[in-house]
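Chemist: In case you want the letters, here they are:
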Amino acid sequence: MQNIIVIESVSKNYFIESRKFSALNNISLNIEQGDFLSIIGKSGSGKSTLLNMMSGIDKASRGKITVASVDLSKIKTSDLDRWRGINIGLVFQFFQLIPTLTLLENILLPMDFCGVIPRENRIKRARELLASVHLSDRGNQFPGILSGGEKQRVAIARALANDPAIILADEPTGNLDSATTETIYQLFQQLNQLGKTIVIVSHDDRINYYAKRSIKMLDGQIVNDRYVEAIKETSKKNDKVSVHV
Amino acid sequence: MFNSPIKKTIRDLSAHKGRSILVIISIALSTFILGVILNSYAILSREMNESFQQANPSGISYQIDQFNPSLLELIEKHPAIAKTEARRVIAAQIQNKQGEWHPAILYVLRDYNDIKLDILQEDEGNWPPKVGQILIERQALSVLDGNIDETVKIKSTLGDTTSFTVSGTTHDVVLAQAEWENLVYGYISHDSLQLMGMEKYFNRLNITLKDQSLSQEQLAPIADDIKNWLQKYNYPVTRFDIAKPNKHPHANITDGMFIIQKVFAIMCCILSSILVFNLISAILSRQLPQIGAMKSIGAKPMQIRMIYFTSVFLLGTLGITISLPLAYFAGNQYAVVLSKMMNFDISNFSIPYWVILTQIGLGLFIPLLTASIPIHQASKFTIRETFIEYGFQQSNTVRKGKSKNIFSKLLSSLAYLPLTSRLSVRNAIRRKARFILTTSILMVSGTLLMTTFNVSKSLKMTVVDDATSKNWDLKIEYPRKINQKTIRDSLLSIPQVENFESYLSSSVEIVDDKNNALLSIDIISLKPYSSMTNPKLVSGRWLIANQNEVVVNQVLVNRLPNIKLGSIIKLKSGKQSKLVTIVGIAKRLSMQMLFSDEQVFSELELAKSSKRFFYVVSKERDRHSINLLKDKITNNAKKNRLTIKSITTSWEDLLIIEDHFEIIFNLMFLLTLIVMLIAGNGIALTMVSNVLERTKEIGILKAIGASNKHIYQMLLSEGSLIAIVAWALAMLLTFPVSYIIVYALGSLLIATPLELTLESTIFFYSLPSMLVIACLASVVPAKRIIRLPVREALIYE
Chain U
67 MQNIIVIESV
77 SKNYFIESRK
87 FSALNNISLN
97 IEQGDFLSII
107 GKSGSGKSTL
117 LNMMSGIDKA
127 SRGKITVASV
137 DLSKIKTSDL
147 DRWRGINIGL
157 VFQFFQLIPT
167 LTLLENILLP
177 MDFCGVIPRE
187 NRIKRARELL
197 ASVHLSDRGN
207 QFPGILSGGE
217 KQRVAIARAL
227 ANDPAIILAD
237 EPTGNLDSAT
247 TETIYQLFQQ
257 LNQLGKTIVI
267 VSHDDRINYY
277 AKRSIKMLDG
287 QIVNDRYVEA
297 IKETSKKNDK
307 VSVHV
Chain L
5 MFNSPIKKTI
15 RDLSAHKGRS
25 ILVIISIALS
35 TFILGVILNS
45 YAILSREMNE
55 SFQQANPSGI
65 SYQIDQFNPS
75 LLELIEKHPA
85 IAKTEARRVI
95 AAQIQNKQGE
105 WHPAILYVLR
115 DYNDIKLDIL
125 QEDEGNWPPK
135 VGQILIERQA
145 LSVLDGNIDE
155 TVKIKSTLGD
165 TTSFTVSGTT
175 HDVVLAQAEW
185 ENLVYGYISH
195 DSLQLMGMEK
205 YFNRLNITLK
215 DQSLSQEQLA
225 PIADDIKNWL
235 QKYNYPVTRF
245 DIAKPNKHPH
255 ANITDGMFII
265 QKVFAIMCCI
275 LSSILVFNLI
285 SAILSRQLPQ
295 IGAMKSIGAK
305 PMQIRMIYFT
315 SVFLLGTLGI
325 TISLPLAYFA
335 GNQYAVVLSK
345 MMNFDISNFS
355 IPYWVILTQI
365 GLGLFIPLLT
375 ASIPIHQASK
385 FTIRETFIEY
395 GFQQSNTVRK
405 GKSKNIFSKL
415 LSSLAYLPLT
425 SRLSVRNAIR
435 RKARFILTTS
445 ILMVSGTLLM
455 TTFNVSKSLK
465 MTVVDDATSK
475 NWDLKIEYPR
485 KINQKTIRDS
495 LLSIPQVENF
505 ESYLSSSVEI
515 VDDKNNALLS
525 IDIISLKPYS
535 SMTNPKLVSG
545 RWLIANQNEV
555 VVNQVLVNRL
565 PNIKLGSIIK
575 LKSGKQSKLV
585 TIVGIAKRLS
595 MQMLFSDEQV
605 FSELELAKSS
615 KRFFYVVSKE
625 RDRHSINLLK
635 DKITNNAKKN
645 RLTIKSITTS
655 WEDLLIIEDH
665 FEIIFNLMFL
675 LTLIVMLIAG
685 NGIALTMVSN
695 VLERTKEIGI
705 LKAIGASNKH
715 IYQMLLSEGS
725 LIAIVAWALA
735 MLLTFPVSYI
745 IVYALGSLLI
755 ATPLELTLES
765 TIFFYSLPSM
775 LVIACLASVV
785 PAKRIIRLPV
795 REALIYE
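Top line first, the protein sequences correspond to chains U and L.
For the first sequence, the working numbering begins at 67 and goes up steadily by one.
For the second sequence, the working numbering begins at 5 and goes up steadily by one.
Just chain U, same shape as in the assembly (with noise of 0.2 Å):
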């Protein structure tokens, strides 16, 4: 399979009060197109910035990162906005849907930026999303009277209002509980057996349940990086429900 997203030896330091500090310390990886790729570690061991460094969220120090066949150092800033919103679909943990529109309008939002999807099917196609995450009769309802799972649901549909081929999910169920965690994970199973490419930075060991390959990270740089297939017929053998890498 070709790789959708080659990280090359990517480095990032931030400055906070004159004092260095490294997120990411020369970190290389490939992701196939069509991967579930979990990425765990602990508070400041920078899976999200690597997250971020794909997203073109943030930029990296040093080191090149390709997605989707584009060079995101050579994208002008001006352009890695719309660029983003078409190729990738980005999910977060608090949501971050816009409290005064209503689900079907947050779902409208990234396809009146960008353009791509024609005008007349707008409606049609964000109603289908509605209806993908079981939502569809609530599309006129605002964002403030959902529940935390529901709301997260909302925000995965409008992660693929623009059909974008890479789901990027940071801690997309961090503030969820338990059997909500195991409803959003499902919908992301789905959504790759479908065909997208799916990367989730957790710290919660369940996702490898779902995921099909698992990197740890522990102060920037990548410790293990293993197919979770493995793991789980290591577990089994082992008898372990939880999984971990």
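One thing to keep in mind: the hints can contain errors.
Keeping only pairs whose Cα atoms sit at most 27 Å apart, straight-line, the calculated DSSO-like set for lysine-lysine is [said to hold, decoys possible]:
| id | chain 1 | residue 1 | chain 2 | residue 2 |
| --- | --- | --- | --- | --- |
| 1 | L | 787 | L | 700 |
| 2 | L | 304 | U | 140 |
| 3 | L | 464 | L | 623 |
| 4 | U | 130 | L | 304 |
| 5 | L | 157 | L | 101 |
| 6 | U | 142 | L | 384 |
| 7 | U | 190 | L | 304 |
None of these hints come from the bench; they were simulated from the model.
With the hints as your guide, set chain L onto chain U.
Modeler: Chain L alone, transformed into the frame defined by chain U:
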């Protein structure tokens, strides 16, 4: 119908209803003021000009001792002259039904049905006036306090009193407004002169030239040429006056009023734009995560900016929608009020396009311009920066890596204050840009308040100064033929008279090297050591006897800019001319004039054409006693068959100027109040934003023991801090602002730059007013938030 970004714009505004309404009110108020002023200015300046032009105002007016209508046929042959009009102008006094005497000017016209220049309009009653009838200028009727069909008495310069019937009123647009001049203008027929025991002749020749494009300076040599031409035909001209072309006599006052109003109006627009800045900054500050979310789903910076520009556009549009029609109606009414004051009629209330476009432009453009700063700033934030849980300012701080600035250092220096006070100070300045803007708004309104009172005090002191320079209480004009000894004996016989002094007044021309007249000017002959007049000198010194020198007033210097202290000028009267040196420039509120000693006067042979005045000083110097003395002198003169041409008190001249200044003060005060209202709005907006952003923090404070009273005290302290800082800055700013306005007003209104006198009490009264505004604006809008239960405050997003 609308796409999602536009829906977000609209719903964001309605989610912040209170603040949006405050901003809409501010924009509406400021554009309303602007609209009223521009609308009324457009109507008035057009109608005043048209009215004035329709009256065919004369350009040059010659005072000739006497002439008959045959002169008109002669002078119309002059190649430069277009039209002519002959009149008789008589200074008189008029008594109404109640027995009150008022100064009057009588105009005698040749033919009321064929007026060529300075055309009168029929108003009410009969036209034209027959023998024994008088028309009163319509505005002058209120000065007279009379009515049509009433009998009035007119006392002429001969001293005879004649009864006339007020047969009607007329509208004379070209004259200065009667109420402002405190004069009664009356119009009688030529034949009525015989009734008054006066000969039938004219003494004013008014003309217009064929070339209407000449300036006042260009008209001077032509006017002089015509004067010489008249003198060649044995019509000696004692004086000529050149009117400012196409300008009503009081145009400078109305121009001055409108300039002040326009400045205030534009200031209101700027202030309301600052409110827009505050509101948008507050909204953006809370919406940073949303901006990040929108950028993450593909929104370009321009698309983000358009969302918020659309907000501002909508606010501005709503504000203008409210203000435009209201301004139209109010502007019309204001124009009507002013037109009555200025004595002309409005026939057309249409507003030129530029007025409406200006209102729309300023109502939209200025807010959009000011909002562009925070909008542009917010749109440049990266997604990562927007997701950091800071407000605007702190994100900027993190981005720039700066954590110490003047405000942080200020806070550190306040370590000695109690913690709650430090918290208040910190809260007030946590959003530095917002603190600076809010303080600026209040500072501007405080400055305007102090300036208004400083300007009023300066204007009043100008009048007082002028009055002080006149060490006399009554000025009496007697006919030249009366023996001076007779007058002196008459005055000496009145015990209330403390002192008196006589002087002569005449008219001379100032001519250039080629003997061309530049202008005619009043000349007053005084004893150099006169105790009666002591004009304040702007520069130079007072007269020394027998030195061929004069003192001029500042109005003359402004009129002839080449003239200054030390200049040698040539005075001419008839065949006599004389070079004199200007040794002093006096500040005297009147038309251009110069003072000389008796030697200059006699060498110019002015005595025969001069008027004789007596200055009289009363033993008791209060106004009531002076008025009593005035009556005594008048009755004494009557008893002794002594004619008095006119008798005025020292303050009557100044009443007119005081009235003008009162109008200016009232206008400025009203506009200042409106600015303070907008400032109050601004602070309310800021405090609401401040409190909203700290809802969680307020919840925490209440959770750890703070009561609502503590929170109110904190807010009051924040408001007070803003007020005190604004007041201190306003105190500094008011000096240069007051100076500029006072200087400009003086130059505009009375052609004399005024001196600034500070109203010291306003510095103390302004602080409580600013404190009240700031505290009310701090506390009232925040009540709802403060009363939120702790649980709700803690989970507030």
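Chemist: Each hint: holds or not?
Modeler: Now for the hints, and whether the structure bears them out:
1. L:787 with L:700: holds (15 Å)
2. L:304 with U:140: holds (17 Å)
3. L:464 with L:623: Answer holds: residue 464 (chain L) to residue 623 (chain L) is near 25 Å, not above 27 Å.
4. U:130 with L:304: Holds, because 24 Å separates the two Cα atoms, which is no more than 27 Å.
5. L:157 with L:101: holds (9 Å)
6. U:142 with L:384: Holds: residue 142 (chain U) and residue 384 (chain L) sit about 14 Å apart, inside 27 Å.
7. U:190 with L:304: Given that 27 Å is the threshold and the Cα spacing comes to 24 Å, the pair holds.
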